[in-house]
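Just so you know, the numbering used here puts 17 at position 17 of the sequence shown, and the rest follows in order with no gaps.
Hints in this document: simulated from the structure, not taken from any laboratory. Some clues are possibly wrong.
What the hints assert, rightly or not - Cβ-Cβ distance ranges computed for the label pairs, FRET-style:
| id | residue 1 | residue 2 | range |
| --- | --- | --- | --- |
| 1 | ARG78 | SER26 | 15 to 21 Å |
| 2 | ALA55 | VAL129 | 30 to 36 Å |
| 3 | CYS79 | ARG119 | 33 to 39 Å |
| 4 | ALA114 | TYR42 | 15 to 21 Å |
| 5 | LEU19 | PRO149 | 24 to 30 Å |
| 6 | THR27 | SER77 | 40 to 46 Å |
| 7 | PHE17 | LYS81 | 20 to 26 Å |
| 8 | PHE95 | PHE17 | 28 to 34 Å |
| 9 | PRO43 | GLY117 | 30 to 36 Å |
| 10 | GLY87 | VAL150 | 21 to 27 Å |
| 11 | LEU147 | ARG119 | 27 to 33 Å |
Ideal Cβ positions, reconstructed from N, Cα and C, are used throughout, including at glycine.
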Amino acid sequence: MKRLLKKCKSGLFCVIFGLAVMGVTSTINGYSNYDPLGPARYPMLLGMIITVLGAMLCLPPYQDKEDESDDTRPFLSRCVKLFGVIGCCCFYIIFFDKLGFVITNVLTLMGCTAILGERKIWKMLLFSVIASVVLYVLFKVALGILLPPVPFLNI
Numbered sequence: 001m002k003r004l005l006k007k008c009k010s011g012l013f014c015v016i017f018g019l020a021v022m023g024v025t026s027t028i029n030g031y032s033n034y035d036p037l038g039p040a041r042y043p044m045l046l047g048m049i050i051t052v053l054g055a056m057l058c059l060p061p062y063q064d065k066e067d068e069s070d071d072t073r074p075f076l077s078r079c080v081k082l083f084g085v086i087g088c089c090c091f092y093i094i095f096f097d098k099l100g101f102v103i104t105n106v107l108t109l110m111g112c113t114a115i116l117g118e119r120k121i122w123k124m125l126l127f128s129v130i131a132s133v134v135l136y137v138l139f140k141v142a143l144g145i146l147l148p149p150v151p152f153l154n155i
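Based on the sequences and whatever the hints tell you, model everything.
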């Protein structure tokens, strides 16, 4: 029961934060010739996503009632995983320009999934490659943002 209340509190915080982002974003006015959607579109979309996901945390179907294993893990184990994921993010930031989006994203996602417990390399590779390609296509086609796929191959 304690865990459900904790998730609901987190969900409410996300809803309030998302609404605040949308409120602040609605005050942004301006139009750019370079961005036909305007500067407020992406933060507004992000605020909506945060609000919806926060609301979903409060709904009973999205709360795992049976899984209490996270509370029993040792504190040190959780800290190691946290710093491992932060290390993967630092790797991503450092090597993004050198290796490009696709390779850096695949390696970072593989590292994060390994740190978080996946042991089958084929699953990690499959997930990482599919997620990276989908994100690249989403950024390039839907959002019109050009990401460096593999700079040293000039692709």
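Verification of the hints:
Here the CB-CB span from ARG78 to SER26 is close to 38 Å, at odds with the stated 15 to 21 Å. Range check, ALA55 to VAL129: Cβ separation about 32 Å, and the 30 to 36 Å hint holds. Checked against the hint of 33 to 39 Å, the pair CYS79 and ARG119 fails, with Cβ atoms roughly 21 Å apart. A hinted range of 15 to 21 Å is violated for the C-beta pair ALA114 and TYR42, which are about 31 Å apart.
A hinted range of 24 to 30 Å is violated for the C-beta pair LEU19 and PRO149, which are about 36 Å apart. Between THR27 and SER77, the C-beta spacing of about 44 Å keeps the proposed range 40 to 46 Å intact. The beta-carbon spacing between PHE17 and LYS81, approximately 24 Å, falls within the hinted interval of 20 to 26 Å. Range check, PHE95 to PHE17: Cβ separation about 30 Å, and the 28 to 34 Å hint holds.
Here the CB-CB span from PRO43 to GLY117 is close to 33 Å, well matched to the stated 30 to 36 Å. Between GLY87 and VAL150, the C-beta spacing of about 23 Å keeps the proposed range 21 to 27 Å intact. As the Cβ distance of LEU147 to ARG119 is approximately 30 Å, the hint placing it in 27 to 33 Å holds.
Consistency note: the structure conflicts with the earlier hints numbered 1, 3, 4 and 5.
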